[in-house]
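Quick note: the sequence shown uses the numbering used here, first residue 9, plus one each step.
Worth flagging that the hints you see were computed from the coordinates, not collected in a lab. Beta carbons: idealized from backbone N, C-alpha and C, even for Gly.
Taking CB as the label site, the calculated pair distances span:
#, residue 1, residue 2, range
1, T99, K67, 45 to 51 angstroms
2, I35, N102, 19 to 25 angstroms
3, R175, L84, 23 to 29 angstroms
4, V44, I69, 31 to 37 angstroms
5, K147, L43, 34 to 40 angstroms
6, K141, R175, 44 to 50 angstroms
7, V58, G172, 20 to 26 angstroms
8, E112, K142, 45 to 51 angstroms
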Amino acid sequence: MEKEAHHVWSSKFQDIKYSINNKNFKIMDATHLHLVLSHFPIIGTIIGVVILAYGQISKNIEIKKIALATFILMALIAIPVFLTGEGAEETVENITGVSEQLIENHEELAEKAIWLMGLLGVLSIISFFAIIKKLSFAKTITLITFIVSLGTFGVFVQLGNLGGQIRHSEIRDGSNNIQINNDIPKSEHDDDDD
9 MEKEAHHVWS SKFQDIKYSI NNKNFKIMDA THLHLVLSHF PIIGTIIGVV ILAYGQISKN
69 IEIKKIALAT FILMALIAIP VFLTGEGAEE TVENITGVSE QLIENHEELA EKAIWLMGLL
129 GVLSIISFFA IIKKLSFAKT ITLITFIVSL GTFGVFVQLG NLGGQIRHSE IRDGSNNIQI
189 NNDIPKSEHD DDDD
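Generate the whole structure from the sequences, applying the supplied hints.
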């Protein structure tokens, strides 16, 4: 049931098109959007971690708020990244040299990562308002947010690495004994040895 709902939502992100004088032009499909946006949660989260660490050390409230806003933005960007994943999978799953197992590993980790990023986003919102309202638990919730941000960054780095391995065999480690989709017709492999 969960996979069906994911597919319904992802279908809304299949193509981004525009029209000029009744001519349709395709700007991006789900694969392009997924590839473009997928880097933001990784890079944005580490930037947020560094900014929040500096804010914690310097005890600068404004710096902390910038970091928390960065995490909130990354949580929002992670939503279309996740929702376009199914469309991206459909594009690459039948390409020669693409491993179905790597796609599955990436997809399984993505399902966990989106929840972790969502948690980071919610904690960041709570921390942001706790700081603004000068609530007694502001320091504690901000520290918890910082710890969760470290874990989120680690998971997203691993997720990005798995995603990269889908099309970049040069970054796969040798220990991955993964079945590659090599559906090349036999006639292309035959030499004229007759």
